[in-house]
Structures are given as structure tokens and as C-alpha cells.
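Residue numbers (this note's numbering): 5 to 228.
Everything labelled a hint here was simulated from the structure, so no lab data went into it.
By construction, the Cβ of each residue, glycine as well, lies at the ideal position given by its N, Cα and C atoms.
A few of these clues could be false.
Cβ-Cβ distance ranges computed for the label pairs, FRET-style [what the hints assert, rightly or not]:
#: 1; residue 1: Leu-175; residue 2: Gln-207; range: 18 to 28 angstroms
#: 2; residue 1: Glu-35; residue 2: Ala-194; range: 50 to 60 angstroms
#: 3; residue 1: Arg-87; residue 2: Leu-13; range: 50 to 60 angstroms
#: 4; residue 1: Ala-79; residue 2: Asp-103; range: 41 to 51 angstroms
#: 5; residue 1: Ala-41; residue 2: Val-128; range: 51 to 61 angstroms
#: 6; residue 1: Trp-83; residue 2: Gln-113; range: 41 to 51 angstroms
#: 7; residue 1: Val-26; residue 2: Leu-205; range: 30 to 40 angstroms
#: 8; residue 1: Gln-106; residue 2: Pro-46; range: 50 to 60 angstroms
#: 9; residue 1: Gly-96; residue 2: Gln-166; range: 24 to 34 angstroms
#: 10; residue 1: Met-5; residue 2: Leu-185; range: 42 to 52 angstroms
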Amino acid sequence: MRPLRDNALSLLFGGLFILALVGQSVAGYFESNEQLAQHGMPLLSFGSFLTSSEFVVDVAENWQSEFLQFFLFIAATIWLVQRGSPESKKPGDEGPGSDEEQLVGDHAQPDSPSWAKSRGLRQVAYSNSLLLVMGIVFLLSWLAQSLAGIVVMNSENAEHGQPAITWAEYLVTPDFWSRTLQNWQSEFLAVGAMIALSIFLRQRGSSESKPVGAPHHTTAMSSD
Numbered sequence: 005m006r007p008l009r010d011n012a013l014s015l016l017f018g019g020l021f022i023l024a025l026v027g028q029s030v031a032g033y034f035e036s037n038e039q040l041a042q043h044g045m046p047l048l049s050f051g052s053f054l055t056s057s058e059f060v061v062d063v064a065e066n067w068q069s070e071f072l073q074f075f076l077f078i079a080a081t082i083w084l085v086q087r088g089s090p091e092s093k094k095p096g097d098e099g100p101g102s103d104e105e106q107l108v109g110d111h112a113q114p115d116s117p118s119w120a121k122s123r124g125l126r127q128v129a130y131s132n133s134l135l136l137v138m139g140i141v142f143l144l145s146w147l148a149q150s151l152a153g154i155v156v157m158n159s160e161n162a163e164h165g166q167p168a169i170t171w172a173e174y175l176v177t178p179d180f181w182s183r184t185l186q187n188w189q190s191e192f193l194a195v196g197a198m199i200a201l202s203i204f205l206r207q208r209g210s211s212e213s214k215p216v217g218a219p220h221h222t223t224a225m226s227s228d
């Protein structure tokens, strides 16, 4: 049972992700076939729906906004602070930190990752690996959203007797930016609310909260 306990948080959210994705696919499948039936068109199989641009664009537009949220949050917390928030470093600790603080190079510990002990590009890459991966997944998801979105739009254009458009033309359409910005604004609101509300509100036992009795001005576990 120890592996389950030690990885419970990842397992919980991994399971919730799978359940939500399956639920979205099933609900989307029935909704799509309802619309096809209303127009007297052949119904899709479940497998065909899962590989359709309609399903891909809905999934990708959510993924790209989520990974953008974490990419910007990770990058911003290197240099910016919020006094009183457990989501922030202490005021005065801005910046990437010294090698000693980051336990890299000569300051690495015996059980530190091997790339933390290395020098040059390997250490630079590993030192920024979380930000790099979040950024790459965001860009790939955004690309997938745009490629699937243009297929959906051109399919709708064909139904209405309108000409197809190119990918470059789709990138400046209201449809693309409406899909994009409606997700971005909600992600930015959620992160901002978490940062600000955690200054004054508490949740006993959560690593995302300060101790219940900690003063409001306490940043993370600082005492300033």
C-alpha cells in the first residue's frame, strides 16, 4: 500500500482526468450524433468521433490553456512575489537563486539528479526543464487546436456554400481567438484568485495554505 499512499495525489488527479475525458467523449459523441440526425446525415461511430476534428479541437483548446497557465505561473514566480501568499517566495528572494541554494554543480547532494551535478548545457536544460516542458506542451496543444479548428470551420463553410480558408487565415478569425481567449481568461482568473485569496483564507492540512494561525502577511513559511 505504500506506493499508493506515496503517489496518491498523482493517482487521484490522473484518475479524475481519465474519467472526465471519457465522460466528455461520450457526451460529445451523443451530442454530435443528435445534430447529425437532425440534419438527416449518417451517424458517426464512437471511434470515428474520437478521431474527429470536433473532438480534438474541444480537448486541445482546454489543454493549451491549462499548460499556458502553469507555464506563465512558473515563469512569473521566479521574479515576482506576492507578500502573504503561500504560492510565492519571500520578498527579497526573487530570481533563480544561487547554485548553493539550488543544490547544483559543486553543491549537489549525493542523491541529487545526475543532470543537477553536471555542468554546461545539461545543467541549464535541467534547471529549466519544468518550464520548457510546460511551454512545449502548450505550443503543441495550441497547434493541434488550430489544425483541428480549421477543419471544423471549413466543414461548416462547405455546408453553407462558402469557400475554404487556409490555416494562416484561420489564425486571425474570431472563431480561433474566441475559443482561445475564453479559456485563457478563466485560467488567469483562477490563478489570480488562488494567489490573492490564500493571503487571507486558510485550509487546514493543505500544502496550498499557510497554517491556520499564521499572520496574513506571512509569505509561504516566512516570518516577515
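Evaluated hints:
1. Leu-175 x Gln-207: 18 to 28 angstroms: Once the Cβ atoms are compared, 41 angstroms apart, the range 18 to 28 angstroms for Gln-207 and Leu-175 is violated.
2. Glu-35 x Ala-194: 50 to 60 angstroms: 26 angstroms, violated
3. Arg-87 x Leu-13: 50 to 60 angstroms: 28 angstroms, violated
4. Ala-79 x Asp-103: 41 to 51 angstroms: Violated: the Cβ-Cβ distance is about 20 angstroms, outside 41 to 51 angstroms.
5. Ala-41 x Val-128: 51 to 61 angstroms: With Cβ atoms ~56 angstroms apart, the hint holds.
6. Trp-83 x Gln-113: 41 to 51 angstroms: Check failed, 26 angstroms falls outside 41 to 51 angstroms.
7. Val-26 x Leu-205: 30 to 40 angstroms: 33 angstroms, holds
8. Gln-106 x Pro-46: 50 to 60 angstroms: 59 angstroms, holds
9. Gly-96 x Gln-166: 24 to 34 angstroms: With a Cβ separation near 58 angstroms, Gly-96 and Gln-166 fall outside 24 to 34 angstroms, so the hint is violated.
10. Met-5 x Leu-185: 42 to 52 angstroms: This hint holds: roughly 45 angstroms between Cβ atoms.
Hints 1, 2, 3, 4, 6, 9 from the earlier list are contradicted by this structure; the remaining hints agree with it.
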